[in-house]
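Visitor: Each chain, letter by letter, is given below.
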Amino acid sequence: MDLTINEKRVLVALAEVKSVDAAVLAEKLNASVEAVAQWAHLCADRGLVNLEMKVSEIVVLTEEGRKYADEGLPERQILVSIDRPTSIAELAKHPLSKIAIGWLKKKDWITIDKGIVTAKLDVPERADELVLRRIRENMGKDILQTTSGGCGELIKRGLAEISKMVSWNVSITPEGESATAAGLDIREEVGTLSREQILSGKWKSLPLRRYSVNKLPKKIYGGRVHPNQQILDEIRSLLFGMGFTEFHGSIVQNAFWNFDALYQPQDHPAREMQDTFHLGEEMELPAGWEKIREIHTTGGCTGSTGWGGEWSPNIARKCVLRTHSTPLSIQYLAQNPKPPAKAFSISRVYRRETIDPTHLPEFEQLEGIVMDRDLTFGHLLGFFKEFFSRIGFESVRFRPGYFPYTEPSVEPEVWVDGLGWVELGGAGLFRKEVTTPWGIDCPVLAWGLGVSRVSMLRMGLTDLRQLYRSDTDWIRASPVRRVQLCR
Amino acid sequence: MPIIKLNNTYLERLMKTDIKTIRDNLPMMGSEVEREEENQTDVQFFPNRPDLYSAEGTARAMRGYLGIETGLPIYTVKPSGISFSIDPRLADIRPYLGSAVIRNVHMDNAMIESLMDLQESLHGAVGRGRKKVAIGVHDLDMVKGPFSYIAAERSTAFVPLDYDVSMTMDQILAEHPMGRAYAKIVEGMPLFPLIHDAKGNVCSFPPIINGELTRITEETKNILLDVTGTEPRAVMIAVNIICAAMVEMSATIESVDVDGTVTPTLAPSVRMVSVQDCNALVGIAITAEEMKDLLERMRFGAEIVDTDHVRVTIPCYRADIMHDHDIYEDVAIAYGYDKIPAVPPTTFAVGKPHPVQEVYSLVRSILVGFTYVENTPFTLTNSNVSYRMMKRPENPAALHVLHPISEDQTIIRTDILPMLMGSLSINRSRELPQRIFACGDVVENLVTYPKIAATSIHPAADFSEIYAVVDAFCRVLALPYEVSESVDPAFIDGRCGDVYVDRKKVGVFGEISPEVLGAFGLEHPVAAFEMDLSCLL
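Those protein sequences? They're chains B and A, same order as listed. The first sequence begins at 1 in my numbering and counts up by one. The second sequence begins at 1001 in my numbering and counts up by one.
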């Protein structure tokens, strides 16, 4: 049995007296009652001592009561101050008079005649005062074991209250006695080794404290990357491995890049203020913007009919918070129009949505493009199968989709046990109306992914808000998850 | 996207197949089944296919997709002898009108409801909330041609739908529920659009409300359709979609003479497409014959010209065919997305991170090494948190959104530190010490740039602690920096420093002012720093 030094000290002390109050034991061991009770509990767990809890009712003075124990009750203080017949008005000037006068009358310590107060002489100490005095004489230990006599009155006056006191009686068991009889080493145990003890070799002869592996250690929290960012980083490295280069861009876009360059007609409902965060600022249009106007109105040289109607450069200049990361894709392509290209980004995007468990006004979108000669829609589907399997979704199906800037378009869905087919994004081949103005003459596979949804599925979250709330306890408690390993 | 409610029994009758087959195939035809009930199926179609926004349109497409009835639907349109004139004064008000006469209508309540639903869905998808296109249907036998589409005085009065008293058009805008809902569209116009018959009976006040006189009932045998709007293509597509749906209800369509133009013709348009281009786009290898079959299943007409060319006739209700690729997509859908060989692209490229993201990864690993925990707060915030609670002056370079959705999100952040203070506030009851950081984009004027901020809260957090972190941070980044005493009202005076790199101020650090702590409801000292990371790019 590996007893700690303190448990041994308790047993040795008990061996003489057999049974004792914890307070007495504490005095003997020169420790606090709380500490002794704790050591005795440990001994009791091993069956070496018995612990008996005693609860007694005691009277404890309130703050006001303690004050009067020192200074005397208000009525006594006033009584002493009256050295001749005094008017009530005069008496009322005494700061304690409000409390005192009633009690003086009730205790019959004064007589009042026509407004003149006369004090009785040599009034003896009453039971309530006796109680207070006993406490004063008891060196300020304001604890009484009785509720009789003056205590009742003090409690009624709010000068004292009844409280419960817990005390412990500790007694040694036969097992404890035989353990003590066998001899206990009560030399101080050594915890942390000192440099000197290590170098001198003294440690060999020292009683080294044994630590219990059953006692859990204190919890520590290291620094860490946010669990969502960890998943995003995993996806990023996966895409680097597939040969994709990352792009990054401005949160603020003009409508030209956010919508017009992506062949969204200027009266498209998504552009209205209900869905998009508009800003008061404007941004100049890039060189060659006239081609976009031509494409919208007539289709230009793309073989398209265009949308018809009007197209206004003023509307195109107006700034919005990017509603998707596709404006970054098309700008990347406009700067790198020669094949091949493989690029992606994970970017915050902004939608005018009220916050609820499944909607946020901002969230991360993963977006990517592949541009090369001879690419087909089948390659896009092939990319998805490969990518989804790498992030842990084996079953993928493809449904027709619609986006103004892609054709053909597809909405890939993955199978999630318990949820069924879950839509994870949208994709397609960029329309000619989108690529031609920038001198791109080969197919571009474009895909977007609701990457927050992937994170939520991976972390088993049902509330999207959790990803951005930064609840310290949640981050501390979240295990590190690796996208590829949590199938 | 509008939700289309399809009556199962009606759909089965139109489709000539059972509801299970229909439901199983809807997703692969490009719709989302929202809800399945015993008598009803709610579906969503994409906004480019308003022709599917009715049981009739869905059934027509689905019969083709399932091979029950394929090829181009043929419509015959006889002239009705009815004519319409358009007031030239409408040129600046609502210039375009399309019309048709629909005869031999036998509508039960379900069909009337279907027609009304289609009308409403088209108002949203094609009509942009009636602004671009508005549709009216009238019991033709209650009125008599020729009809006039005029710009009328606003004091013109008639009995609007659902009312039994005559009201002026101004009154209708002020009092009628439809008037109030759509008044914005005609706001400020000196004259209002109005349609009346030969005797001056009012049929409609487009785009607001029809007259009660021409209400459609189960007794209605013949319908006059009016579609008005601001864009001629959209007006005609709405006419075509309604007429084609009515044909599915066994009605016959007759044309109307609108100022000499016969409308509608319901004639298909023609495109010559290439089998080879289609194969190259989709990634399949079909022959002209196979392509013809697939096109016919999508209800196109198709005629093989040679091994590479197919002449496609496009039904008049298809608003979405703007380019050959739109036709190739339909071929791919009919072929079946799941049957297309899915082969990953072999394009070779070497992947690499973007410099900004690389900097973020780098500073993340450094701060984690200092036992800081990452937060990923919102970038949308408000002036109160960003400036007032920080006791800092407002930043004039902050961008304000025009129509915020809540008071919490009115600007894009210019600093990250206030978001971390907010996070400490949320985590008040969590175990201390808490050391947190966040890195990410901020925006000033129109420029997005990277920043990092970090805070430490615990009873002993102080200036020296955070100075040591800033120093270590710059040292491991090999960033030569200088520090000077600074005055920032967010920090305690005399416990705050500015960080300079190349003589440019890039950051600030120190002990947060107790006034700021109070604003965030914090009770322990907080030491913090924030830095612009552009100097690392």
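Derived from the structure by calculation, the hints contain no laboratory data. Errors might be hidden in some of the hints.
[As the list claims (entries may be wrong)] Just some of the chain B residues that point at chain A, by a computed CB distance under 8 Å: (1) H94; (2) W109; (3) I251; (4) P337; (5) P340; (6) R431; (7) W438.
For every residue, glycine included, the Cβ atom is placed at its ideal position computed from N, Cα and C.
Visitor: Against each hint, give a clear statement of whether it holds in the structure.
Guide: Cross-check of the supplied hints:
no., hint, in the structure
1, H94, "violated, 43 Å"
2, W109, "violated, 51 Å"
3, I251, "holds, 5 Å"
4, P337, "violated, 15 Å"
5, P340, "holds, 5 Å"
6, R431, "holds, 7 Å"
7, W438, "violated, 17 Å"
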